[in-house]
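Asker: Since the structure of chain A is already known, use the hints to place chain E on it.
Number of protein chains: 2
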Amino acid sequence: MIVSRDRVTLKMGAGGHAMRRLIGEVFLERLAGPEMLAGDIGLAALDDGAAVRIGDQWLVTTTDSHVVHPIFFPGGDIGRLAVAGTVNDLAMMGATEPVMLTLAVVIEEGFARADLERIAESIRIACAEAGVRIMTGDTKVMGKGELDGIILNTAGVALTSRVIPDRGLQVGDRILVTGTMGDHGLAVLAARGNLSLEVELRSDVAPINGLVRAALAVAGDGITAMKDPTRGGLASALHEMADKARVGILLEERAVPIRPDVRAVGELLGIDPLHVANEGKVVMGVRPDRAEAVLAAVRAHPLGREAALVGTCIADSPRRVVLDTGFGRRLLIEPDGEPLPRIC
Amino acid sequence: MIVSRDRVTLKMGAGGHAMRRLIGEVFLERLAGPEMLAGDIGLAALDDGAAVRIGDQWLVTTTDSHVVHPIFFPGGDIGRLAVAGTVNDLAMMGATEPVMLTLAVVIEEGFARADLERIAESIRIACAEAGVRIMTGDTKVMGKGELDGIILNTAGVALTSRVIPDRGLQVGDRILVTGTMGDHGLAVLAARGNLSLEVELRSDVAPINGLVRAALAVAGDGITAMKDPTRGGLASALHEMADKARVGILLEERAVPIRPDVRAVGELLGIDPLHVANEGKVVMGVRPDRAEAVLAAVRAHPLGREAALVGTCIADSPRRVVLDTGFGRRLLIEPDGEPLPRIC
Chain A
26 MIVSRDRVTL KMGAGGHAMR RLIGEVFLER LAGPEMLAGD IGLAALDDGA
76 AVRIGDQWLV TTTDSHVVHP IFFPGGDIGR LAVAGTVNDL AMMGATEPVM
126 LTLAVVIEEG FARADLERIA ESIRIACAEA GVRIMTGDTK VMGKGELDGI
176 ILNTAGVALT SRVIPDRGLQ VGDRILVTGT MGDHGLAVLA ARGNLSLEVE
226 LRSDVAPING LVRAALAVAG DGITAMKDPT RGGLASALHE MADKARVGIL
276 LEERAVPIRP DVRAVGELLG IDPLHVANEG KVVMGVRPDR AEAVLAAVRA
326 HPLGREAALV GTCIADSPRR VVLDTGFGRR LLIEPDGEPL PRIC
Chain E
26 MIVSRDRVTL KMGAGGHAMR RLIGEVFLER LAGPEMLAGD IGLAALDDGA
76 AVRIGDQWLV TTTDSHVVHP IFFPGGDIGR LAVAGTVNDL AMMGATEPVM
126 LTLAVVIEEG FARADLERIA ESIRIACAEA GVRIMTGDTK VMGKGELDGI
176 ILNTAGVALT SRVIPDRGLQ VGDRILVTGT MGDHGLAVLA ARGNLSLEVE
226 LRSDVAPING LVRAALAVAG DGITAMKDPT RGGLASALHE MADKARVGIL
276 LEERAVPIRP DVRAVGELLG IDPLHVANEG KVVMGVRPDR AEAVLAAVRA
326 HPLGREAALV GTCIADSPRR VVLDTGFGRR LLIEPDGEPL PRIC
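Taken in sequence, the protein lines are chains A and E. If you want my numbering, it's the position in the first sequence, counting the first as 1, plus 25. If you want my numbering, it's the position in the second sequence, counting the first as 1, plus 25.
So that you can see chain A by itself, here it is in the shape it has in the complex (with noise of 0.2 Å):
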């Protein structure tokens, strides 16, 4: 792995803070500007997406280029994460129902053309359980040998009364999770490699707007914030919350819920779950007085029965995530960034 600052390294690619300072220093730095209108999301806010005042709504969007590999894996695909991937950054602005995404799709010469029709039937599956539609999109084919085989592009439009900003935490709040930590990202390495595992993980990647749905319609103004945990996983993602609102996390680790197999396979590995994607999960700033009916509400959803409270916002160590073991409390470092590449 090359690491020079002159070059571009997996991990910048890779959901932390490696990425976060690229993206700073030649993308911010040159491309965002002053919001247009106040209480506007945009690039230098780094939220899931984006949010501009169109009358009284908001137009909120969002894009995300998938490189998964391989691309089918137990629980899903390229096509299936890419619809997910995008609806979910959607969600987690608060904009549950989605105009439109749009598809693009970059394929190696010689690709199977049974793999590409497998992939956009696994499309046309997550767009019907997440009530969206592809409108428009765009093909392009690489030569044999310049693009490891294909890559999918989802961007998102939404139009939404009320943007919940990722930034929005206040001390206090509970943090929930909607389910168990670490399956796809495991799941996808699992896929990997010869590991000979006796279990087989699966991905849970999911659109996830119709629990989204669910948990707002209980909770009024009580959810704060939410992002989806993938690049970087949870830590990644409740870094990111703690450092945009300046609280500290409480994270209580025997609460964060992972599956034994998921555990198992990550100490053969060597790679904390906490550490890797989740691609139908949600990280929800909950007020204290709505946390119980918002779980209720999530755990009340197929995809949400194993949701969880794990940890409340402190005034304490701003801007970081304090792990509480059980046994005692430690820092919970912030990662460079996933631990492999291609992920999602």
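Mixed in with the good hints, there may be bad ones.
It does not matter which identical chain is used: a pair holds within one copy or between any two.
[Claimed, not checked] Subject to a maximum C-alpha distance of 25 Å in a straight line, what follows is the list of computed SDA-like cross-link-like pairs (lysine to any residue):
no., residue 1, residue 2
1, K169, G135
2, K169, E154
3, K169, R30
4, K169, A137
It should be emphasised that the hints constitute simulated quantities derived from the structure, not laboratory data.
Answerer: Then chain E, alone, in the frame of chain A:
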């Protein structure tokens, strides 16, 4: 080049009918549904973007991935191309004032940071020219050898009170091109090889929403269809417009502006400038009574000085393009696609 129908070929990404067939069979088959509201423009329209009715306006979106090689070429680079491509696709639907763009970057490990900064700077300048802002983005890194350099994806969102679909041509409409044809494609091809040319061809890549705005201002509803002649060039654009509107197009070959050096390099390479991409030009259908006024308005714009009326929509030869060479008439063959890959 692999030709099997079981594998994706370069031609399937080249903007011609091989591409439209792939998109139709793999994606439209599964993803295109009935339009949500009468007049909405979705995937099946294969227009430059999508349009959805929102209150008394249209929400227009478009997406494009950019894989051009080389990434820097005379007259532009991949960053300028990405901004112009998306701004222009919105403008082709009548939406000349974009609300925002998204920017997703996929980078090969080891890519020079100085090149990334040069691209970001070029994006900044092109955005300023177009009067648009990048409001959200995404960064991914692939391993060394997994991607040839860098891919950009831009999506754009705009609101407009009137949408101009690309299927609107009517018999009698004049065909206007806003400048010389073939500049971008041949400049990129010339930059690629060791051609030892005495001339340096320059790409025409530019956001042309300002020019379209000027044309619309004088046209009233006299502009019946627009398309930017990108992949596959003027030949593909005219075929698509004729096909969708079920009219014939009579193209006066000698009226089509082509730079002498572009023509010369095209002859050297055996490539017809009518078949290669432009990135700062528009093909317009204009009602005959508005043709001279629109032509004057376009010519008054710095990017439209060499605009010309080059053809007429006819009732004969529906869905075909007839080339009047000055010596006789023949059918202009619809190209399979751009003759060489990675032009845009």
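Asker: Hint by hint, say whether it matches the structure.
Answerer: Verification of the supplied hints:
1. In this assembly of identical chains, the alpha carbons of K169 and G135 lie at most 25 Å apart whether taken from the same copy (7 Å) or from different copies (20 Å).
2. In this assembly of identical chains, the alpha carbons of K169 and E154 never lie at most 25 Å apart, being 34 Å within a copy and 36 Å across copies at closest.
3. In this homomeric assembly, K169 and R30 come within 25 Å of each other (Cα to Cα) only across copies, at 16 Å, whereas the closest approach inside a single copy is 30 Å.
4. In the homo-oligomer, the alpha carbons of K169 and A137 lie at most 25 Å apart both inside one protomer (12 Å) and across protomers (23 Å), since each shortest distance falls under that limit.
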